[in-house]
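**Student:** Chains A and B supply the protein sequences, listed in that same order. Each residue of the first sequence is one higher than the one before, counting from 1 in the working numbering. Each residue of the second sequence is one higher than the one before, counting from 298 in the working numbering.
It should be emphasised that the hints constitute simulated quantities derived from the structure, not laboratory data. Glycine included, every Cβ here is placed at the ideal spot set by N, Cα and C. Do not rely on the hints blindly, as some may be mistaken.
Stretch by stretch, here's where chain A covers chain B in the computed footprint (C-beta under 8 Å, at least three residues) [as the list claims (entries may be wrong)]:
1. 407-413
2. 441-455
3. 478-490
Within a straight-line C-alpha distance of at most 30 Å, the following computed BS3-like cross-link-like pairs (lysine-lysine) qualify [stated by the list, open to error]:
4. A:Lys188 x A:Lys126
5. B:Lys559 x A:Lys276
6. B:Lys303 x B:Lys423
7. A:Lys262 x B:Lys573
8. A:Lys262 x B:Lys342
9. A:Lys292 x A:Lys276
10. A:Lys4 x A:Lys293
11. B:Lys408 x B:Lys423
12. A:Lys45 x B:Lys559
Protein chains: 2
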Amino acid sequence: MQPKLKGVTVAVIGGDARFPVLIDELIASGARVNVVGLPVTSSVKGVTLYNNLEGCLVGVQAVILPILGIDEKGLLHCVLSEQTYHMTEQIMALLPGRTFIFTGLAGPLLKQMTSRMNLRLIELMKLDEVAILNAIPSAEGVVQMAMELLPITIHGSLAVVLGFGRTGMTLARLLSAMGANTRVVARKPAALARVAEMNLIPVDINNMLECLAEADVIFNTIPALVLTEEVLGMVSPDTIIFDLASDPGGTDFQAAERLGLKAVLAPSLPGRVAPKTAGRILAQPIIRFLEKKTANS
Amino acid sequence: MQPKLKGVTVAVIGGDARFPVLIDELIASGARVNVVGLPVTSSVKGVTLYNNLEGCLVGVQAVILPILGIDEKGLLHCVLSEQTYHMTEQIMALLPGRTFIFTGLAGPLLKQMTSRMNLRLIELMKLDEVAILNAIPSAEGVVQMAMELLPITIHGSLAVVLGFGRTGMTLARLLSAMGANTRVVARKPAALARVAEMNLIPVDINNMLECLAEADVIFNTIPALVLTEEVLGMVSPDTIIFDLASDPGGTDFQAAERLGLKAVLAPSLPGRVAPKTAGRILAQPIIRFLEKKTANS
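Start from the sequences and build out the full structure, keeping to the hints where you can.
**Tutor:** What follows is the structure, encoded as structure tokens:
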């Protein structure tokens, strides 16, 4: 079989523990990879190391930037490198139009730059396929934290999941499979119906106080202030709260502290708890986009 | 309803983090509890604290010793107390004949003492009901360790469980429920049949090499040297091995180290990872024994 990405060269710039895995996957698909700002060695066939962005970008069909892209000054998030690298419009101008620029989520500066240079920006974290698969390491990561902090087993515990989006559904399924009595708080009738279909216990968000008061552990996935001071006042001090919603979460953490409740913000788990799985999850759509491009050219 | 253990007094001597939970359960069942060697307060109704064994034993119908009982010199395993306490035949002689003595596993000295004094020794860890329920925190504890050490999710991993006793069965079920491709190595045809019935993949122990070579993670529960140097030679250096079999486990740890394999001994997990659940598991049979005794008297 012809490798999918034969003849394609990709620049990988900085990034976290997922990125060496991503590079392995690209190499395995037949691509050549130019790397800057990551602790990988050039001993792997197909990998070329650079110490500056300009050299790294020559002749590439795609650029993979860190998940957090660049900050408002163009600084790249190269957490595994001691060097700092800045992306500028001048450097981006080295790329031919329509070159793919992959990142996790793009800030205003990156959006502006890529649009002005006519580059194809793909925000991986906005792709449904990435978000759904990322829910697996997110759910496992927060369950691991719960296991570490709870004096009881997940099996037999009373767990409440707030929200039934991609992460909420995966987490509720995992908890239930592990033997937790799992209640899911949601608003939409269709979501509550799906909860019931999955043999979990649906709770309308307007009636959630009672189930929160009984919970051993509460997981919030709703990106809005749902665990307000008033709601937290109903929660037992033995209960532990984990908030997976994007920073700042859906919990009034200051109120939780005043009330003596243990509440933990648990964002960005995939790259931290399962970098290999999370790297593979990112690789899949990148390879698919580049494969299509190769097939079309 | 009449509390089950009304009129019963129990001495609880030392022990680990499970024991305060055990005391709570006894009190909730209506017993009075005399305590020595544990950091509990006498503010709970029904609890009386002592600083010597003699006082603690007066008028009790049962004595609960630490899980590891006493050592060969009579020293009690009071891991939560700074004081040391010794059990002697003289002290045991204060108890009327047929008094219950509960411990986890008894050594030769405790067996000898209780037999000579005509006391009823119950080894909780030898009770099937305790071993089966303890398999839950054991399995969750080792899965937690696996999550902490593996760079991949349990979901989608290739997991091998060696042995299909009480812990092996619980662990295999948990891994499979979490989405691992779960293979179970066993010897007995009936065990392999049960593995197949549970929709897991049965592997005869005589053919285990191939599945061990492919595994992301291996869990041994067989209390005999199964992971020999020769077998370990087949295992990939990326694979992590957890050994739950009683000390010294079923792994040649020195050979594993020579081969550059990561192998972890993981014994006595219940009390460490889920003391509250594990304390309740111990309380159940104790309360049942004492309830029967009360009903008969």
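**Student:** Each hint: holds or not?
**Tutor:** Going down the list of hints, with the structure as the test:
With 0 residues having a Cβ less than 8 Å from any Cβ of chain A, the region 407-413 of chain B misses the three-residue criterion, and the hint is violated. Counting residues of the region 441-455 of chain B whose CB falls under 8 Å from any CB of chain A gives 10; the rule of at least 3 is met. Interface restraint, the region 478-490 of chain B with chain A: violated (0 residues with C-beta to C-beta distance below 8 Å; minimum three). Using a Cα cut-off of 30 Å, the hinted pair Lys188 (chain A) and Lys126 (chain A) holds, with the two alpha carbons roughly 22 Å apart.
Proximity of Lys559 (chain B) to Lys276 (chain A) is assessed by CA-CA distance (about 17 Å); at most 30 Å being required, the pair is judged to hold. Restraint check: the Cα-Cα separation between Lys303 (chain B) and Lys423 (chain B) comes to about 27 Å, which is no more than 30 Å; the hinted pair holds. The suggested pairing of Lys262 (chain A) with Lys573 (chain B) holds, with an alpha-carbon distance near 17 Å, which does not exceed 30 Å. For the proposed pair Lys262 (chain A) and Lys342 (chain B), the alpha carbon gap of about 28 Å is at most 30 Å, so the pair holds.
With a C-alpha separation of about 25 Å, the suggested pair Lys292 (chain A) and Lys276 (chain A) falls inside the 30 Å cut-off, and the hint holds. Straight-line distance between C-alpha atoms of Lys4 (chain A) and Lys293 (chain A) comes to about 11 Å, which keeps the hinted pair within the 30 Å bound. Note on Lys408 (chain B) and Lys423 (chain B): the hinted pairing holds, with a Cα-Cα distance of about 14 Å set against a maximum of 30 Å. As the CA atoms of Lys45 (chain A) and Lys559 (chain B) are separated by approximately 28 Å, the hinted pair is consistent with the 30 Å bound.
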